[in-house]
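Enquirer: Sequence:
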Amino acid sequence: MSHQTYLAVDLGAGSGRVVAGHFDGRKLQLEDQNRFPNQGVQLPTGWHWNITELFSNIKNGIAAAAKAHGDKVVSVAVDTWGVDYGLIDERGRLLGLPWMYRDSRTDGLIEEVSKAVPKEELYGRTGIQLLFFNTVFQLAAEARDYPSLLREASQLLFVPDLLTYWLSGERVIEQTIASTSQLLKAGSAEWDLELAAKVGIPAHLLKPVTAPGTKVGKLIANLAAEIGLDSVDVVACGSHDTASAVAGAPARSKNPLFLSSGTWSLLGRELDAPIVTDASFAAGFSNEQGLSGTTRFLKNVAGMWLLQECKRNWDAQGSKLHYGELVDHAWVSKAPGLVDPDDASFSRPCDMPRAIADYLRKTGQPVSEKPGDIARVILRSLALKYRVLVNQLRAWMPDLPDTLHIVGGGSQNALLNQMTADATGLTVEAGPIEATATGNILAQLMARGEISSLEEGREIVRNSFEFETFEPSDTESWNDEEARFLQLIST
18 MSHQTYLAVD
28 LGAGSGRVVA
38 GHFDGRKLQL
48 EDQNRFPNQG
58 VQLPTGWHWN
68 ITELFSNIKN
78 GIAAAAKAHG
88 DKVVSVAVDT
98 WGVDYGLIDE
108 RGRLLGLPWM
118 YRDSRTDGLI
128 EEVSKAVPKE
138 ELYGRTGIQL
148 LFFNTVFQLA
158 AEARDYPSLL
168 REASQLLFVP
178 DLLTYWLSGE
188 RVIEQTIAST
198 SQLLKAGSAE
208 WDLELAAKVG
218 IPAHLLKPVT
228 APGTKVGKLI
238 ANLAAEIGLD
248 SVDVVACGSH
258 DTASAVAGAP
268 ARSKNPLFLS
278 SGTWSLLGRE
288 LDAPIVTDAS
298 FAAGFSNEQG
308 LSGTTRFLKN
318 VAGMWLLQEC
328 KRNWDAQGSK
338 LHYGELVDHA
348 WVSKAPGLVD
358 PDDASFSRPC
368 DMPRAIADYL
378 RKTGQPVSEK
388 PGDIARVILR
398 SLALKYRVLV
408 NQLRAWMPDL
418 PDTLHIVGGG
428 SQNALLNQMT
438 ADATGLTVEA
448 GPIEATATGN
458 ILAQLMARGE
468 ISSLEEGREI
478 VRNSFEFETF
488 EPSDTESWND
498 EEARFLQLIS
508 T
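Everything in the sequence shown is counted per the working numbering, starting at 18 for the first residue and increasing by one.
Derived from the structure by calculation, the hints contain no laboratory data.
One should not assume that every hint holds.
As the list claims (entries may be wrong) - Here are the simulated DSSO-like cross-link-like pairs (lysine-lysine), alpha carbons at most 27 Å apart as the crow flies:
#1 K224 - K202
#2 K379 - K328
#3 K76 - K232
#4 K84 - K44
#5 K136 - K76
#6 K202 - K271
#7 K235 - K224
#8 K232 - K44
#9 K202 - K136
#10 K271 - K328
#11 K202 - K232
#12 K351 - K337
#13 K232 - K84
#14 K44 - K235
#15 K351 - K328
#16 K89 - K44
#17 K136 - K271
#18 K89 - K271
#19 K235 - K84
#20 K232 - K215
#21 K235 - K76
#22 K132 - K215
#23 K351 - K379
#24 K215 - K202
#25 K215 - K271
#26 K387 - K337
Hey, can you work out the whole structure from these sequences and the hints?
Expert: Put into structure tokens, the structure is as follows:
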């Protein structure tokens, strides 16, 4: 076959990119078209996403691909972080900027919603970990603060669905992103409208969902003319970035173990069906939906967010350290401190170095203001968090694989990869870095009939990219650290 080019619009909670994937029938080659920051903006109402600026950057990336590759460009798809959404009216107009999931409007709403729907029932119906930013709680805040807006809205579109609508003119809700809402029935493409009613969410907002790997339409005519492309398919990929990232893992076996490492760390196992039990509820595990009917049984924990926020604060103070230098300093640091990455004091944008220092003081641990020491505290704490989660999975799944696939931007962090291998006793296979864009493109290949299965797609990944392997050593030395860490996270 002739070479074809597929465009992945991949937006994370800190940055975005448009990536061109050139496919020759066997291998995939990725090429950045543009990269751009994505940071929430604080308005008088609270924290929002600048969705119009994002769309402008997306158009610039697609235009760059059109200029470079012309009619070889055959399709485009969008993936983003989960849970956030826009509301549109019957004429398709966006009703305000989408809220940022870290906004404080959902404070206390888990407890408030649980008065109408007990926590155990909410988990049992949806299979999703109760997190303050889930769409169900955001919409409960909307119903409390802006009830007229919900009545005026014609439907909800998650952020990737909204961007897909602006690209194609077609309004669809993709299944993997919908599953992050805690409003889909567990393992199903069906909305739990009874649950929505109990929480005060109008049923008319929740339109039928579309499976990943589906053609939505064509690039809208005026946009195609502006950009210089014709007859380009717009596809619903695994629109939740984690769904695409795990699809892009180079797994050889069925039901692989994965860690999607970015702003968030999502560690778990790909399964054929959800696990919804008292034990999985107590441990806070989610059942997110993936490509080809798969379930990602995982726990969502803080990832590189703490280090990203630290770097943002250091940069504002004039620091010139880049991430590679921070990791180099962390390699040689002896800082013994540990933190719970999921402590509430770290969940919002803040002076993160100070928040970490305050936590260490409060828990009676040594404090250092050196960036390398703080980076080491963060990375060791993440590795121990992964160890705890892997041990929980081992207790439930005796057949747990002995390889952990780390994908996403965090897979570049060699120190964290080695710490994770040592702490968990698992062989770590790191990469591809752009697993999310890769998985996005695999869904486009499926939609266009170029491949027939996720397994075939993962063979393409193995043929196309190089990976780095980290073998575990001295795992027993982490036992005392785990005991100290468990004591911290239980208080």
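Enquirer: Each hint: holds or not?
Expert: Now the hints, each set against the structure:
1. In summary, the hint linking K224 to K202 is supported, as the alpha carbons are separated by about 14 Å, within the 27 Å threshold.
2. Note on K379 and K328: the hinted pairing holds, with a Cα-Cα distance of about 23 Å set against a maximum of 27 Å.
3. Between K76 and K232, the direct Cα distance comes to roughly 20 Å. Compliance with the 27 Å bound is thereby established for this hinted pair.
4. For a cut-off of 27 Å, the pair hint linking K84 to K44 stands: about 23 Å separates their Cα positions.
5. Taken as a hint, the K136 and K76 pair is broken in the structure, with Cα atoms around 42 Å apart against an allowance of 27 Å.
6. For the proposed pair K202 and K271, the alpha carbon gap of about 24 Å is at most 27 Å, so the pair holds.
7. Distance check on the hinted pair: K235 and K224 sit about 21 Å apart at the alpha-carbon level, within 27 Å; holds.
8. Among the hinted pairs, K232 with K44 is consistent with the structure: their alpha-carbon atoms are about 22 Å apart, no more than 27 Å.
9. Distance check on the hinted pair: K202 and K136 sit about 15 Å apart at the alpha-carbon level, within 27 Å; holds.
10. For the hint pairing K271 with K328, the CA-to-CA distance comes to about 38 Å; that exceeds 27 Å, so the pair is violated.
11. Distance check on the hinted pair: K202 and K232 sit about 24 Å apart at the alpha-carbon level, within 27 Å; holds.
12. A distance of roughly 22 Å separates the Cα atoms of K351 and K337; the hinted pair therefore holds under the 27 Å criterion.
13. The hinted pair formed by K232 and K84 meets the criterion: a straight-line CA distance of about 24 Å does not exceed 27 Å.
14. Taking the CA atoms of K44 and K235, the gap is near 25 Å; set against the 27 Å cutoff, the hint holds.
15. For the suggested pair K351 and K328, the alpha carbons sit about 20 Å apart, so the restraint of at most 27 Å is met.
16. Annotation: proposed proximity of K89 to K44 holds, straight-line Cα distance about 16 Å (limit 27 Å).
17. Distance check on the hinted pair: K136 and K271 sit about 32 Å apart at the alpha-carbon level, beyond 27 Å; violated.
18. Under the criterion of a C-alpha separation no larger than 27 Å, the hint pairing K89 with K271 is inconsistent with the structure, at around 34 Å.
19. Pair hint K235 plus K84 holds up; C-alpha atoms about 19 Å apart against a cutoff of 27 Å.
20. Proximity of K232 to K215 is assessed by CA-CA distance (about 34 Å); at most 27 Å being required, the pair is judged violated.
21. Restraint check for K235 and K76: satisfied, since their Cα atoms lie roughly 15 Å apart, inside the 27 Å limit.
22. Of the pairs offered as hints, the one joining K132 and K215 holds, with about 10 Å between alpha carbons and a cut-off of 27 Å not exceeded.
23. In summary, the hint linking K351 to K379 is supported, as the alpha carbons are separated by about 20 Å, within the 27 Å threshold.
24. Annotation: proposed proximity of K215 to K202 holds, straight-line Cα distance about 15 Å (limit 27 Å).
25. A threshold of 27 Å between alpha carbons decides the hint, and for K215 with K271 the separation of about 38 Å lies outside it, so the pair is violated.
26. The straight-line distance between the Cα atoms of K387 and K337 is roughly 14 Å, inside the 27 Å bound, and the hint therefore holds.
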